[in-house]
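Enquirer: Last residue of the sequence shown: 224 (full-length UniProt numbering), numbering continuous.
Simulated from the structure, these hints should not be mistaken for laboratory data. It is possible that some hints are incorrect.
Here are the computed distance ranges between Cβ atoms for each label pair [what the hints assert, rightly or not]:
#1 Phe192 / Met107: 33 to 39 angstroms
#2 Lys153 / Tyr31: 24 to 30 angstroms
#3 Phe132 / Ser24: 27 to 33 angstroms
#4 Lys73 / Gly177: 51 to 57 angstroms
Where a beta carbon is used, it is the ideal one built from N, C-alpha and C, also for glycine.
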Amino acid sequence: MSGILYFVPTPIGNLEDMTYRAVSILKEVDYILCEDTRTSGILLKHFEISKPLKSYHLHNEHQATDKVIADLKSGQNIAIITDAGTPGISDPGYLLAKAGADHHIDMICLPGATAFVPALVVSGLPNNEFLFAGFLPQKKGRQTKLKQLAEEKKTIVLYESPHKINTTLEQIKEFFGEHTKVSLSREISKKFEETKRGTIIELIEFSKSKTLKGEIVLIVNNSI
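Between the sequences and the hints, there should be enough to build the whole structure, so can you do that?
Expert: Written out as structure tokens, the structure reads:
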């Protein structure tokens, strides 16, 4: 009988965001897949979890997936975590989920930390329907993607890094228009958590007035 593959969210900031169930599952599985064994080792030590850690990241997931599936078929229970947040959401995990589905493996994803949900909720922008776009293409296809998103009437969720935020905000103004409403959230669940809301012009002024640090979530709507 095949084992179970667990997708276990880990805190994106405050360690108290770790759920009791997540700790319990990680203590029960045969081994844990993670992006960085050093980062995850600190987390596991904090919660007194003693299980083998195996690297599973963007550079080895294609090669590692077959071995994981074979272990699951042999009856082992395995968990996958990332450095922060829910596996598979702009982090490694999709390929393993696809392989699990193809091989009829039982899979369970625990509810838990994901950066875009709190950012969307506190944005004050419509969230009954939204489009999660993740990270924009770095170069090739970036303008084409922005043109497509500019036609979208739903609220759009984007991830961005601090060193690209000014460029991205300027491009949103160019493709979406000067009256576009934007909410910028950063350092979610950390000590210096911050959300700034306004028009795209106001957000550009805010971003240029200070050096933004931490992962950034942009909530964008140009239909209201």
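Enquirer: None of the hints should be skipped; say for each whether it holds.
Expert: Hints and how they fare:
1. For the pair Phe192 and Met107, the beta carbons lie near 35 angstroms from each other, so the given range of 33 to 39 angstroms is met.
2. At about 45 angstroms, the CB distance of Lys153 to Tyr31 disagrees with the hint of 24 to 30 angstroms.
3. One distance hint, 27 to 33 angstroms for the beta-carbon pair Phe132 and Ser24, holds here, with the actual separation near 29 angstroms.
4. Separation of Lys73 from Gly177 is about 52 angstroms and conforms to the stated range, judged on CB atoms against 51 to 57 angstroms.
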